[in-house]
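Protein chains in written order, with UniProt numbering: chain A, 1 to 184; chain B, 1 to 722.
Everything labelled a hint here was simulated from the structure, so no lab data went into it.
Yeah, the Cβ is synthetic: ideal placement off N, Cα and C, and Gly gets one too.
Among the hints, a few may not be true.
Residues on chain A that point at chain B, a partial pick, calculated with CB under 10 angstroms [claimed, not checked]:
(1) 24
(2) 25
(3) 26
(4) 31
(5) 48
(6) 56
(7) 58
(8) 140
(9) 142
(10) 151
Label-pair ranges, simulated between beta-carbon atoms [said to hold, decoys possible]:
(11) 93/B - 126/A: 27 to 33 angstroms
(12) 68/A - 93/B: 43 to 49 angstroms
(13) 169/A - 285/B: 53 to 59 angstroms
Listed below, chain by chain, are the residues.
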Amino acid sequence: MPKNPTRRYIMVLDSRKCIDCKACVVACKAENRVPLGRFRNWINAEREGAFPRLRASFDPEQCHHCENPSCVRVCPTGASWQREDGIVMVREADCIGCKYCMVACPYGARFFNEETKVVDKCTFCAHRVDRGEVPACVETCPSRVRTFGDAADPKSPVHALLEGRRYRVLKPQTGNGPQLYYLL
Amino acid sequence: MDRRLFLQMVGAGGLAATSVACPRFLSKAKGGPEPPAPFGIPTSCELCPNKCSVLAMVEDGRVRKLNPNPENPKSRGMLCARGNAAIQQVYDPDRLKQPLIRAGARGEGKWRPVSWDEAFDYAAARLRVTRDKYGPEGTLWSSTEGFQEVFFKNLGMAFGSPNILRHPSLCLASVNLAYSVTFGTVPSFDLLNAKYVIMAGANRFESIITPDTMDLIGGVMERKAKFVYLDPRFTVTASKADEWYPIRPGTDMAFILAMIQVIISEERHDKVFVDQWTLGFEQLAEHVKGCTPEWAEGETGIPARDIRRIAREFADAGHRAVFYAGRRSSWYQNDFQMRRAQAILNAIVGNWDREGGMVPNRKVAKGEFLFLPWDDPKASRVDEIEKAFPLASAKDGAYLPLRENVLKGKPYPVKAWMIYKQDPLNAVPDQGKTLRMMEGMDFIGVVDIAMSDTAWYADVVFPESHYLERTDPIEVMPGIWPAAVLRQQVVKPIHDTRPCLEIAQGLAKRLGLSDYFDYTIDQWIEAEAKELPVENGLEYMKKHGVVAFSEPKYGTTRNAVYRFVTKSGKIELFSERLQEAGHDPLPAYAAPAQPPAGRYRMILGRKATMTHAALANLPWLHEHNPENDLWLNAGEAARLGIRTGDLVEVSSTAGTVRLKARATEEIRPDCVFMLHGFGKKSPWLRSVHNVGAADAVLLETAWDKVSGNAAMHETFVKVVKV
Ligand code: SF4
Ligand code: SF4
Ligand code: SF4
Numbered sequence: 001m002p003k004n005p006t007r008r009y010i011m012v013l014d015s016r017k018c019i020d021c022k023a024c025v026v027a028c029k030a031e032n033r034v035p036l037g038r039f040r041n042w043i044n045a046e047r048e049g050a051f052p053r054l055r056a057s058f059d060p061e062q063c064h065h066c067e068n069p070s071c072v073r074v075c076p077t078g079a080s081w082q083r084e085d086g087i088v089m090v091r092e093a094d095c096i097g098c099k100y101c102m103v104a105c106p107y108g109a110r111f112f113n114e115e116t117k118v119v120d121k122c123t124f125c126a127h128r129v130d131r132g133e134v135p136a137c138v139e140t141c142p143s144r145v146r147t148f149g150d151a152a153d154p155k156s157p158v159h160a161l162l163e164g165r166r167y168r169v170l171k172p173q174t175g176n177g178p179q180l181y182y183l184l
Numbered sequence: 001m002d003r004r005l006f007l008q009m010v011g012a013g014g015l016a017a018t019s020v021a022c023p024r025f026l027s028k029a030k031g032g033p034e035p036p037a038p039f040g041i042p043t044s045c046e047l048c049p050n051k052c053s054v055l056a057m058v059e060d061g062r063v064r065k066l067n068p069n070p071e072n073p074k075s076r077g078m079l080c081a082r083g084n085a086a087i088q089q090v091y092d093p094d095r096l097k098q099p100l101i102r103a104g105a106r107g108e109g110k111w112r113p114v115s116w117d118e119a120f121d122y123a124a125a126r127l128r129v130t131r132d133k134y135g136p137e138g139t140l141w142s143s144t145e146g147f148q149e150v151f152f153k154n155l156g157m158a159f160g161s162p163n164i165l166r167h168p169s170l171c172l173a174s175v176n177l178a179y180s181v182t183f184g185t186v187p188s189f190d191l192l193n194a195k196y197v198i199m200a201g202a203n204r205f206e207s208i209i210t211p212d213t214m215d216l217i218g219g220v221m222e223r224k225a226k227f228v229y230l231d232p233r234f235t236v237t238a239s240k241a242d243e244w245y246p247i248r249p250g251t252d253m254a255f256i257l258a259m260i261q262v263i264i265s266e267e268r269h270d271k272v273f274v275d276q277w278t279l280g281f282e283q284l285a286e287h288v289k290g291c292t293p294e295w296a297e298g299e300t301g302i303p304a305r306d307i308r309r310i311a312r313e314f315a316d317a318g319h320r321a322v323f324y325a326g327r328r329s330s331w332y333q334n335d336f337q338m339r340r341a342q343a344i345l346n347a348i349v350g351n352w353d354r355e356g357g358m359v360p361n362r363k364v365a366k367g368e369f370l371f372l373p374w375d376d377p378k379a380s381r382v383d384e385i386e387k388a389f390p391l392a393s394a395k396d397g398a399y400l401p402l403r404e405n406v407l408k409g410k411p412y413p414v415k416a417w418m419i420y421k422q423d424p425l426n427a428v429p430d431q432g433k434t435l436r437m438m439e440g441m442d443f444i445g446v447v448d449i450a451m452s453d454t455a456w457y458a459d460v461v462f463p464e465s466h467y468l469e470r471t472d473p474i475e476v477m478p479g480i481w482p483a484a485v486l487r488q489q490v491v492k493p494i495h496d497t498r499p500c501l502e503i504a505q506g507l508a509k510r511l512g513l514s515d516y517f518d519y520t521i522d523q524w525i526e527a528e529a530k531e532l533p534v535e536n537g538l539e540y541m542k543k544h545g546v547v548a549f550s551e552p553k554y555g556t557t558r559n560a561v562y563r564f565v566t567k568s569g570k571i572e573l574f575s576e577r578l579q580e581a582g583h584d585p586l587p588a589y590a591a592p593a594q595p596p597a598g599r600y601r602m603i604l605g606r607k608a609t610m611t612h613a614a615l616a617n618l619p620w621l622h623e624h625n626p627e628n629d630l631w632l633n634a635g636e637a638a639r640l641g642i643r644t645g646d647l648v649e650v651s652s653t654a655g656t657v658r659l660k661a662r663a664t665e666e667i668r669p670d671c672v673f674m675l676h677g678f679g680k681k682s683p684w685l686r687s688v689h690n691v692g693a694a695d696a697v698l699l700e701t702a703w704d705k706v707s708g709n710a711a712m713h714e715t716f717v718k719v720v721k722v
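Let's have the full structure, built from the sequences with the hints guiding it.
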């Protein structure tokens, strides 16, 4: 985490509750005008076993808004940047579509938007967050899988969740410091 | 109406206790009597029958985004994928944009865009011709659930037709009837507070029902209630259950009877409750004597020791245990009796009207607009429902028996068919028969927002305004957390479309029935809003979109003077009413037919992004389900030499389709499954026209004997690689 941040937005996910209903995916598409066939957020489904011993689990994923975002590091124009509150953004005007960031992201969170001709990804709905709202995926989820909040604010619900439960992050070995926390 | 019983709107103090699953809701709890008006225009979703509350964000006269309205406790502050995709319906380039009259042969796809006047004149003239020749009973008016359905139905009734046909006999008629016969009412299930839930014939995490789906997550995942699930398919619901049993299809009743047998023989039932409130316990005990878990194991394939254990655990959880009813589904010809068995099981553990059990629905009061009444029709119904299904709802009719009669011209000819918001070609089993029925009609008029398959075969198509483009009557949603919602206009209609009321009025005028429709939608909702339990009801509704109870109330019917609305005033385990009507007074089990060698039972189901046939064309949903395929157990597929992606031909006595195969472990070897909503005939549904296959082509005609409800799981199919 940045030193003494005033705000640090993160998302805590309780995947056990995810029912793969795609409400979050469609809400994101509507909110952010994501082109067909492209996704800012998605559900990783894992299925295994043989009848009748079967298992399935669903993990929602999107940009992890990393602490040390490799996408930002490799961007030659500074189009990929990180806000003070930790949200990683792409400045459309500066993106030259070189796609270095797409290669650098260990989570496959970025895609090239053929409509805007720039690289695109989850912004934690920064425009909503700045209005005091939560991201569209968080708001719409029937299962309340997603909790969005400020890790620097002890009163934020994310704090209570991380304190009360064990959690993991995906691919911690990359050193990116991902900020999607999956409750165990 | 006792106003003290009535809440108060959501957000009033004292709400907090009920809001476990709904944090946004909670945060508003302390704000005083009226919550601040939400951002956006409140309205009510129409993409499925749940009527979730929505806030529409409008920019420059266009709906930009739909957000959930957290004020509605029934929708629990969420909007599902379908609800989110509704904007795409409004701006769908394939939408119906003006009235159309058929110009070529039926189904040929030649249309003439016409003015509303011409469409009304044409349809009214044809309806008059039919009436003159066959009487008003020569017309059929069928519709599906919706806030404006009332106007369409009223037009049919004012016209004098007894043949008003609604959707329940394709849906939940058998469930409703079974619970009504037993309890005199259809209760809700308090899944949020239950400790033990058994679910069969319902896939609640994929077919979303509010608030049940969210409460099941809240109850099961957060509070660790035990959840037992029976389904021949490994669904998302199965993946979340503590125990999943791929039960042999059609044997749910054996499982339930065995549970009852264990509970009674071990005296684990709620004796005080049973003595005081039920009728026929002795007969029930006698009736289930032979239904041992060992017997049920042979029927269901579920080990006897599990059935016995589950029965014990269920009874121990007592009034916080529920065998969930399932809804919007009828599977076998004894569906009613299977649901009766569930109702009885629930009754004997005493979960009636208890927190975490079955709770009789409460309602929010609303007023009524009084209009001029019409005379009752002279003829009796063409489906002869009073004779064939005397307990069923004659107001709703019975779809499949009706179709049989119309095809035979019995007891009298029906030659014109008006259809509102329904796609019988995909919603009703045996598409071939429905097509034949359509071919036999002199006239078919369809009201819809898109060119459904049924509209494609019509003579006149009336384009309705989208739900975001019109104001509808106020709708009451009964339940444990009852609400009343308003669907108000959010944007102006973008095409030359009209709401159903205006379509009904246009036709009424030309049929000489204007007196019965002499009002506007505003007058209608004003009258309704007057009785809402809030000050300035209409204004409140326009601002908030919903009025709701703040807190569940348990036990209101558990008092010495309460009489259940049954003949005896008690919960009828043994039903004389059924006996008098010539049915089993206690649910009697008959083993379902098994598929002959080389055939599979076709089973149906839904996905969260794909429920109704009408949704398959929306790009944001379609991209998650580009094509349907035939699920076939991997072992069977290997035996037949079929691999995932191979084209297969599937046939039943009703029809044949071709689609791709999916060899999967996630289904029993004796069943196959395909998703609903594909293989459309209408080229105006671009993404699903001739893509995949329609289940309605294969499903055979079969119905539940007591309710007349379509039995959707009675079809065996043959599968061959092509
Ligand atoms: S997940 Fe990828 S795109 Fe997002 S901040 Fe990390 S590296 Fe960058
Ligand atoms: S909306 Fe929630 S439950 Fe549905 S897929 Fe997204 S995270 Fe999972
Ligand atoms: S469950 Fe989904 S489709 Fe149904 S009313 Fe609610 S938001 Fe709309």
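Checked hints:
| no. | hint | in the structure |
| --- | --- | --- |
| 1 | 24 | 8 angstroms, holds |
| 2 | 25 | 7 angstroms, holds |
| 3 | 26 | 4 angstroms, holds |
| 4 | 31 | 6 angstroms, holds |
| 5 | 48 | 9 angstroms, holds |
| 6 | 56 | 4 angstroms, holds |
| 7 | 58 | 8 angstroms, holds |
| 8 | 140 | 5 angstroms, holds |
| 9 | 142 | 4 angstroms, holds |
| 10 | 151 | 18 angstroms, violated |
| 11 | 93/B - 126/A: 27 to 33 angstroms | 31 angstroms, holds |
| 12 | 68/A - 93/B: 43 to 49 angstroms | 45 angstroms, holds |
| 13 | 169/A - 285/B: 53 to 59 angstroms | 57 angstroms, holds |
Violation of the numbered hints given earlier is confined to hint 10; every other hint is satisfied by the structure.
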